[in-house]
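Put the complex together from the two separate chains, hints included.
Taken in order, these protein sequences are the chains called W and C.
Counting from 1, one number per residue, gives the positions in the first sequence under our numbering.
Counting from 1001, one number per residue, gives the positions in the second sequence under our numbering.
If you are wondering where the hints come from, they were derived from the structure by calculation, not from laboratory data.
Bear in mind that the values here come from a model prediction, so they are computed numbers and not experimental data.
The beta carbon of each residue, even a glycine, is placed where N, CA and C say it ideally should be.
Partial list, derived from the structure: chain W residues whose beta carbon lies under 8 Å from chain C:
| id | residue |
| --- | --- |
| 1 | T211 |
| 2 | Q213 |
| 3 | F237 |
| 4 | I264 |
Straight line, CA to CA, 25 Å or less: simulated BS3-like cross-link-like pairs of lysine-lysine:
| id | chain 1 | residue 1 | chain 2 | residue 2 |
| --- | --- | --- | --- | --- |
| 5 | W | K190 | W | K174 |
| 6 | W | K190 | C | K1403 |
| 7 | C | K1416 | W | K310 |
| 8 | W | K262 | C | K1403 |
| 9 | W | K190 | C | K1416 |
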Amino acid sequence: MKSNNKRTVFSLLTPLLIGSLLAVISLNYFDSKINPELNFEEFALGSENTSSLEFVNNIQVHCYDLNNVNKCLEGYKNSRPDEEVVLWLGNSQLHSINQMKVKDLTASHLLHRFNIDNSKYVITLSQPNANLQEHYILFEYLMEKLPIKTLVLPVVFDDMREDGIRNSLLEILKNKNIIKILNESNIGKKIYLNASDKDSTGNDLSALDGTIQEKVEIFLNTQLKSYWSIWNSREQFRGQLFTRIYFLRNSLLGINPSSVRKKIPGKYLKNFQALAAVLESAKKQKVEVLLYVVPLRNDVKIPYNIDEYKSFIEEIELLSKSSDTRFLNLENLVPSDYWGTKASTSNIGGQELDFMHFQAGGHQLLADIIYKELQKLWNGGNEYDF
Amino acid sequence: MIFNSLTYLIFLSSIVILYWSLPLKPRLYLIFLASLVFYGFWRVEFIPVMLISVITDYFLALKIASSERIRKKQLLILSLFINIGLLFYFKYLIFFSDNAIGFANLLGITVNPILLNIILPLGISFYTFQTISYTVDVYRNQINPEKNFILYACYVIFFPQLIAGPVLRASEVIYQFSKRPPFKWEFIVVGLRRIIYGIFLKVVIADNIAPLVDSGFSIPIEILSALDVWTLGFLFGFQIYFDFSAYSHIALGSARLMGIKFPENFNFPYLANSPKDFWRRWHISLSSWIRDYLYLPLAGIKVGSQSLGGLEKATLNKNKNKPLFIAWAIMGLWHGANWTFVLWGVYHAVVIFIYRIMLPITSKFNQNLKLFGGIFLTLPIMMLSWIPFRAQSISDVFYMWSKVFNPYSYASLGMKENTYLITACLLISIFITWTVKNKLLPIFTKNKKVVLVCGEILVFSVLISLIIIFLRPINQFIYFQF
Chain W
1 MKSNNKRTVF SLLTPLLIGS LLAVISLNYF DSKINPELNF EEFALGSENT SSLEFVNNIQ
61 VHCYDLNNVN KCLEGYKNSR PDEEVVLWLG NSQLHSINQM KVKDLTASHL LHRFNIDNSK
121 YVITLSQPNA NLQEHYILFE YLMEKLPIKT LVLPVVFDDM REDGIRNSLL EILKNKNIIK
181 ILNESNIGKK IYLNASDKDS TGNDLSALDG TIQEKVEIFL NTQLKSYWSI WNSREQFRGQ
241 LFTRIYFLRN SLLGINPSSV RKKIPGKYLK NFQALAAVLE SAKKQKVEVL LYVVPLRNDV
301 KIPYNIDEYK SFIEEIELLS KSSDTRFLNL ENLVPSDYWG TKASTSNIGG QELDFMHFQA
361 GGHQLLADII YKELQKLWNG GNEYDF
Chain C
1001 MIFNSLTYLI FLSSIVILYW SLPLKPRLYL IFLASLVFYG FWRVEFIPVM LISVITDYFL
1061 ALKIASSERI RKKQLLILSL FINIGLLFYF KYLIFFSDNA IGFANLLGIT VNPILLNIIL
1121 PLGISFYTFQ TISYTVDVYR NQINPEKNFI LYACYVIFFP QLIAGPVLRA SEVIYQFSKR
1181 PPFKWEFIVV GLRRIIYGIF LKVVIADNIA PLVDSGFSIP IEILSALDVW TLGFLFGFQI
1241 YFDFSAYSHI ALGSARLMGI KFPENFNFPY LANSPKDFWR RWHISLSSWI RDYLYLPLAG
1301 IKVGSQSLGG LEKATLNKNK NKPLFIAWAI MGLWHGANWT FVLWGVYHAV VIFIYRIMLP
1361 ITSKFNQNLK LFGGIFLTLP IMMLSWIPFR AQSISDVFYM WSKVFNPYSY ASLGMKENTY
1421 LITACLLISI FITWTVKNKL LPIFTKNKKV VLVCGEILVF SVLISLIIIF LRPINQFIYF
1481 QF
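Excised from the complex, chain C in its bound form (with noise of 0.2 Å):
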C-alpha cells in the first residue's frame, strides 16, 4: 500500500481505532493481518516469499539460543543463506547473470543471454535485513529469542515499517508490542503531526521536484554544462531527501499512533560537517545497521545495538580501511543492482577515507571553522555522490563527473532556468527550517505560546491545504525500489 494515498489514510484510521480498542493478544493479531493486508494491497503472491524469512528466522532464532556454539553457528549460516539467498534471487541474479554471460563473452567465450524475468518484492531488502539483524543479535546473546511468534512477527512486518524502513532491531521494538499502553492524546496528536508533515513533504516537494530531475537527466550529457550537473546533484539530492524523510516521517507518525516509537531515521543530513556527520544524519537505521552488521565484524569490533549511527568506533581500529571499503560497496549494491549504486558507495568510502586522513589536521581549526566550513564542504560533495544513484550508466558518471573539474565547462547552461531558481529556493528553504526548528522554536515555546500556536495554525492550514490539493499516488516513494 502507498502512503500517499485515500486508501492508506482510511485503512490507518480503522486499525487505529481497532487497536486501541482491543486487549493485548488481539491487538497483535490485529498488527499482523493488517500488515499482510498492507502488503497484498501490493501483491498477494509475494506474502508468502516475506513469510518464509519471517518463518525461517523465528525458528532458527529458538534454535540458536539452545544450541551449543557450533552448531549455533551452523545455525546462523543457515539463516543467512535462506535470507541472503532470497534477496539474491529476487534482486542480483538478473545482474550477476548478466556480467558473467558479459564477461565470458569477453573472454571469447560464446554465451547467449538467459531470459529471466523475475520481479523483485517490494520490502525485501529491509525486512531480510531485519531477520538478518535479529538472528545475528540472538546468536550474539544480545537478546533473547521471542518465543511468541505473532510479538516477534510483529516485529518484521509491522506495516509502517514494512516496505522502506525505518531498519529496526528486535531490542527497540518488541517490549514495546509486548506491553499495552494505555491510550494517551498525546500519541494520536503527535503521530499525526508527523503523518502530516510527512505526506506534504511527499506530495508537495518531492513529487514536484521529480519532473525537474527526470527532464535534466534525460538531456543529453555531452551538452550538459558543469553548473547542470551540480544541479542535478542537488535537485536529486533534494528529491530524494524530500520523498525519503517523507516515507520515515509518516512510518514514524503512523507508529506512533499505536503507541510505538521508533528511532529517527533523518536529522537535517544537508547540514552534516563532514560524512561522518553526514551518516549519522541520513537514513541513520541503514547506515549503524550496516556498522554492525556488517562493518564493524570485518574489522573486528565488537558490536552494540541500537540504530543511533555512525562509525566512530571503527576509527580507532588499525584494521579499518578494508572493511570501510567492501563495507561501502556492499551498501551501494543493496540500494540497486547495478554498478553505479557500487560507485556510489566506493564514492563514500573513499570520502570517508579522506576525511580519516584529514581528521588530525582539521580537528586543530577552530570551532566555528570547522562548523561552517564542514558543512560547506560537506554538503557538495554529499550532493555530487548523488549522480551515480540517478545516471544511467558508469561511464555517464564519470562524464558528468569530468564536468565538475572542467573550468571551462562552467560557461554554459544546458537546463531550464526554473530549474536552477528552484534548487536554490530549495537550499535556502532548508537552512530556513532548520534554524525555525532549532532555534526559534524552542524561545517560542518558552516564552511566546500564544505566538507559537497562532504560527503553528497558520502553518498547518497551508500544509492541509496544498496536502488536500497535491494528494495521489503519482509517484512511489523512491526507497521502494530498493
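One chain only, chain W, in its complex shape (with noise of 0.2 Å):
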C-alpha cells in the first residue's frame, strides 16, 4: 500500500475509529425504524394487497412456508383427518387480495368451504414468486405427510423466470425419502444437487457443517443476538438493503410491472421439467391434477413477449395432453373491473398497474371455477351444483 507510507498512524487510525462509531450509530438508527413483522417476500406485493393467510372454523387451512405448513397439517388431524385431501399449491395470487375489504375472502377459503359436504379437505400452500421446482419438491414432501387425493397447481409465466429453493424449503431436502424421489428424475437430481449444499439452519453456518467451530459459532451468535439487537435484525437489514437495490434499479433503468418480462430459457427449462416431473409422480401415486394457466390482467397490453407467452400456455397445454392431466386455461377469467394497482416498486413513487392480484371478486370466480372442474375430475365429467 504505497499511499499509506506517507501517512502517519493517526491519520489511518482515526477513519478506521470514527468510521467503525459512524457505522453502529447509523445501524442502531435504522434498526429503530425496521419493522421486525415485515416479510421482504410479500414487500413487493405493495399496500393496496393484503395477504390472508385463511382460517376456516378457526383452524388454518393455507399456509406459506415449511415452518408454517405444520399448523395446517396439525388443523387437518385434529379436525377431519378421515378425509381426502385436495392441495392447492400457488404463488401469492393465492393468498393476497387487491384492495381487500372486511369480509372478503381467498379463492382457497371459498373452495375449502365449497368442499366441506364433499368430505374433501382443501389445503393450500402458496408463497411469492413460487417456481415449479419448489411445487415439485413441496408436492413430494406433503404427500408424505397427507393423503392427497387431488393436486391443484396454477402455472405462471412470471414464476417460470425464478430458480432454485428458497431457504425456508431447503430443510425438505435433508429428508432421506425426499431425496430418494427426487433421484429418479434428472430435475429431481439437479434441484437436490443445487440446493443441498445450502444452509437452512439460519444461523448461516453452511461452511462449518460438522466442525468445532459451528458449535463454538452458534454460541457466539446466540450471545450476541440476546445483547446487541443490531445482531438479531441482521436478516432485516440485508431484506431492506436489496429491496432498496431493487428499488434503484426499477427506477434507473425504468422497469415497472408494465416492462415486458421475457423467457429465461435456462430457468423455463428447469421448470417446466420440474412440472413434467410433477405430473409423472402425481400419475404414478394415484393422484389426480387439475393443471391450470392463472389469470392474468387483460384490460391492458400484458408484460409478456405476446408470441413466448402463447407458445409457453401451448407447451403446457401439451403436456398435460400427454399426461392426461385436466388443463384449464384460465388467462381471461377475471374481468377488468377486479384487477387494481399496487404502490410504486421504485423510488419514484405513485402506482403501478398489478398484473398478478387480483380484488375479492377475481376469487370468487376462481374458486367457483375451479370446484366445477373439481366436480368434473371426480365424477368422471359430471358438474355438481353448489
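Here is the structure:
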C-alpha cells in the first residue's frame, strides 16, 4: 500500500475509529426504524395487496412455508383426519387480495368451504414467486404427510423466470425419502444437487457443517443476538438493503410491472421439467391433477412477449394432454373490474398496474371454476351444482 | 477456522493481545499452538498429517545441509516422495484410480470400481508446497536449515496463511519470526484496514455473487447463449477474484497485526495487459512457486527465491515450450483432481505460447496501444479460462467455448437480466477502484489530507456497516478446496 507510507498512524487510525462509530450509530438508527414483522418476500406486493392466510372454523387451511405448514397439518389431523385431501399449491395470487375489504375471502378459503360437504379437505400452500421446482419438492414432501387425492396446480409465466429453492424449504432436502424420490428424475437430481449445499438452519453456518467451529459460532451468535439488537436484526437489514437496491434498479432503468419480461430459457426449461416430474409422480401415486394457467390482467397490454406467452400456454397444454391431466386456461377469467394497482416498486413513487393480484371478486370466480372442474374430475365429467 | 466468522475475529484478537504481551520464545510457542488450534477447529484428526510433513522436512533439511552431494540428492528425493506422496494419497488417489479403471475398461479389461472415501485435509496443497520449497531451498544452498523446530514450524503452519496461502518462502518469513519487533500502532492499524477490506470483499461481494454463478452454471448448457458463456466466465472470474483476494487481504492483515509482513498476492489482475502481466498480478506466490520449483528447473534455468511472480526469465531460454506446458498442466492439477483443471492449465500455457510468438510484433506498437489494447484483449481471454475451472466436465467446457465462436449463438440470453447487470457493474467497479487507488489517493494523500480522511471515514463506515450485516460463514473460501 504505497499511499500509506506517507501517512501517520493517526491519519490512518482516525477514519477507522470514526468510521466504526458512525457505522454503529447509523445501524442503531435504522434498527429503530425496522419493522421486525415485515416479510420482504411480501413487501413487493405493495400496500394495496393484503395477504390473508385463511382460517375456517378457527383452523388454518392456508399456509405459506414449511414452518407454517405444520399448523395446516395439525388442523387437518385435529378436525377431519379421515377425509381425502385436495392440495392447492401456488404463488401470492392465492393469498393476496387487492384492495381487500372486511369479509373479503380468498379463493382458497372459498374452495375449502365448498368442499366441506363433499368430505374433501382443501389445504392451500402459497409462496410469493413460487417456482415449479419448489412446487415439486413441496408436493413430494406433503405426499408423505397427507392422503392427497387431488392436486390443484397453477402455472404462472412470471414464475417460470424464477429458479432455485428458497431457504425456508431447504429442510425438505434433508429428508432421505424425498432425496430418493428426487433422484428418480433428472430435474430432481439437479434440484437436490444445487440446493443441498445451502444452509437452512437460519444460522448461516453452511461452511462450518460438522466442525468444532460450528458449535462455537452458534454459541457466539446466540450470545451476540441476546446482547445486541442489531445482530438480531441483520436478516431484516439484508432484506431492506436488497429491496432498496431493487427499487434503485427499477428507478434507474425505468422498470415497472408493465415492462416486458422475457422468457429466460434456462429457468424456463428447469421449471418445465419440474412440472413434468410433478405430473409423472402424481400419476404414479394416483393423484388427480388439475392444471391451470392463472388469470392475467387483460385490459392492458400484457407484460410478456406475446409469442413467448402463447407458446408457453401451448406447451403446457401439450404436456397436460400427454400426461392425461385436466388443463384449464384461466387467463381471461377475471374481468378488468377486479384488477387494481399497487404502490410503485421504484423510488419514483406513485401507483403501478398489478398484473398478478386481483380483488375479492376475482377470488370468488377462481374458487367457483376450480370447484366446478374438481367436480368434473371426481365425477367423470359430470358437474354438480353448488 | 473460517476467517469470515465471529470465532476467528475473537480468536485473532486474543492471540494478538497475548502475542504482544509475551517475550520472543513464548511468542513462538503461542503462534505454534494457536496455529494448531486454528487448524483443529476444522478437524483435529488431520493435525498429525500436517505435522508429518512439517517434521519430515525439518529433519531432512538439517540432514541435507550436512550431507555430501549424492546423499543430499537422495534426501531431497525422500522429502519430495513423502510430501508429494501425502498430497497424492489425499488429493489424487481417487482421481487416478478412477482414470486407471476407466482406461482399463476401455481396453476391454474389466475392473470393478474401487470405493475410496478419502477426505482432503484442508490446506494440504499449500503447506506441502511450503515444506517442499523449504527443503529445496536448503538443497540449493539458498538458505540455511532452521535449527529451532518451533521457529521453522511457525513458518509452515502460521495460521493466517495455513489454509489458502500465500505460499511463502522460508527466506521471507523465518527471519521475521526470529526477531521481536517492538509494538507499533502502525501494525494494528494497517492490519485492521486490510482485514476490513478482506471481510468486505468476501461477505458482501463474493458471497453475494456466488448464487448467481451457481444458478448460471446449473442451466442446461444447450440453452446458454454465447453472451451467457461470456457472462458466466466474467462472473465466476469476479467471484473467485473477490473470494481469493479477500482471503489474502485477511491473511496479510492478520499477520501484520503481529508485525509479520507477507508479500502481496494480488494486484488488480484483471487490469493486466498481457498473460505474463496477469500472472505477475494473480496468486503471485503460487505462480512464482511454480516458476522457481517446477518450470525453471524443467527448462534448466537457475532460479531465485522470492515470491515475485512472472515467467520472463524463461523466455530467454530455447528449451521453453515443453516445460511451459508441463508446468501449467501440473499447476492446473494442483488446483483440483479433475481433467477440467488440467485443461485450465493447458489453456494458459497455450495463451502464453501465443503471446510469446506475438511478442516481436506487439513490441513495435506504441505504449498506449500496448497498454489499453493489451487490457482489452487479455481480460476476456483470462475470463474464458474460468469456464473449465467451474464447469462440470471437459465436454461441457468445449461446448461452452464453442458457443463463443458461433455468431448465431449471440442472438439470445439465457439468464436473468440482473446477472448481466451485476456483471457489468462489477467490471466497471474494478476500473473505478483502480483509478481511485492509483490516481486519486496519491493526490489526496499529498495535498488534501482532510478530504482524504473524511472520504475514508465515509468509506469505512459503509464497509463496517455492511460487514456487520453480512458477516456469516455461509460459504467457504473457494481456494480452501484446493
